[in-house]
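Student: Input sequences plus hints: build the corresponding full structure.
With numbering that gives the first Met the number 0, letter number 121 in the sequence shown gets 120, and the count goes up by one each step, no holes.
These are calculated hints, taken from the structure and not from any lab test. Source: prediction; values computed, not measured. Heads up, some of the hints might be wrong.
Stated by the list, open to error - Simulated pairs of lysine to any residue, SDA-like, Cα-Cα distance not exceeding 20 Å:
id, residue 1, residue 2
1, K150, G115
2, K182, E11
3, K120, D97
4, K118, D149
5, K93, A25
6, K42, Q68
7, K93, H163
8, K150, H108
9, K65, R36
10, K120, Q68
11, K65, V49
12, K93, K182
13, K65, K93
14, K118, L169
15, K42, D75
16, K65, W84
17, K182, L169
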Amino acid sequence: MNHLVVLAHPREGSFTRDICRIYVDAVQARGHSVVLRDLYAMKFNPVASVEDITGNSTGRVPADIKVEQDHLLWADVIALFHPIWWIDRPAILKGYIDRVFAIGFAYGHGPNGPVGGLKGKRSVIFTSAGSTQEHFDDSGKMRAILVAQDKGTMEFCNIEMIEHVHFSPLGRRSTPEMVDGYKRRVEEVVRTHF
0 MNHLVVLAHP
10 REGSFTRDIC
20 RIYVDAVQAR
30 GHSVVLRDLY
40 AMKFNPVASV
50 EDITGNSTGR
60 VPADIKVEQD
70 HLLWADVIAL
80 FHPIWWIDRP
90 AILKGYIDRV
100 FAIGFAYGHG
110 PNGPVGGLKG
120 KRSVIFTSAG
130 STQEHFDDSG
140 KMRAILVAQD
150 KGTMEFCNIE
160 MIEHVHFSPL
170 GRRSTPEMVD
180 GYKRRVEEVV
190 RTHF
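Tutor: See below:
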């Protein structure tokens, strides 16, 4: 199985980077192949241009986007790793979605509305935040995140959502035991689904 792993956290030693490494190690230990796209290390440009938006319909896809789209085509599983900032993905990942999951590639329009273009792909998303899970649930923020990311991005593109795993709280509200449990949960996701 081929895994495209997209990482969006700027700080080395962050929880997000740690769980990404755990995931990569776990799927590779099962004999799976991994392509890791560390958006900050790549200095990925998140700003969509006219060429990005029209490239798939004109046949002139920018070279950097073609590379990313080829990785998506290669992948059976798309795994995203990122913190929640302002109830959303970091801007660099939002820009990656805007530029790479473009019309004419990841989705199109048919006579009855949108048509996802990435059928047969599956996705798992790992997110984290400093607020408590209770706060995310009670405020409706978790539902908003799931609608935007799982439904509004992955399922919109006809990608099957395997699971969205959210870890909170982190930082001063968490204990080392909680964080260890979160890391074990990543390994459990790999064992369960792959």
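Student: Could you run down the list of hints and mark each one as holding or not?
Tutor: Do the hints match the structure? See the list:
Distance hint between K150 and G115 is fulfilled; the C-alpha atoms sit about 12 Å from each other, no more than 20 Å. Straight-line distance between C-alpha atoms of K182 and E11 comes to about 16 Å, which keeps the hinted pair within the 20 Å bound. Our distance criterion of 20 Å between C-alpha atoms is met by K120 and D97, whose separation comes to about 18 Å. For the hint pairing K118 with D149, the CA-to-CA distance comes to about 15 Å; that is within 20 Å, so the pair holds.
For the hint linking K93 to A25, the alpha-carbon distance of about 26 Å lies beyond 20 Å, and the restraint is violated. For the hint linking K42 to Q68, the alpha-carbon distance of about 17 Å falls within 20 Å, and the restraint holds. For the hint pairing K93 with H163, the CA-to-CA distance comes to about 17 Å; that is within 20 Å, so the pair holds. At roughly 17 Å between alpha-carbon atoms, K150 and H108 fall within 20 Å of each other, so this suggested pair holds.
Taking the CA atoms of K65 and R36, the gap is about 14 Å. The hint holds against a cut of 20 Å. Pair hint K120 plus Q68 holds up; C-alpha atoms about 13 Å apart against a cutoff of 20 Å. Taking the CA atoms of K65 and V49, the gap is about 15 Å. The hint holds against a cut of 20 Å. For the given pair, K93 sits about 25 Å from K182 by alpha-carbon distance, which is inconsistent with the 20 Å threshold.
Restraint check for K65 and K93: the C-alpha separation of about 17 Å stays at or below 20 Å, so the hint holds. Simply put, K118 and L169 have alpha-carbon atoms about 34 Å apart, too far for the 20 Å limit, and the pair is violated. Proximity of K42 to D75 is assessed by CA-CA distance (about 25 Å); at most 20 Å being required, the pair is judged violated. Taking the CA atoms of K65 and W84, the gap is about 28 Å. The hint is violated against a cut of 20 Å.
For the suggested pair K182 and L169, the alpha carbons sit about 12 Å apart, so the restraint of at most 20 Å is met.
Of the numbered hints stated above, those contradicted by the structure are hints 5, 12, 14, 15, 16, listed in ascending order.
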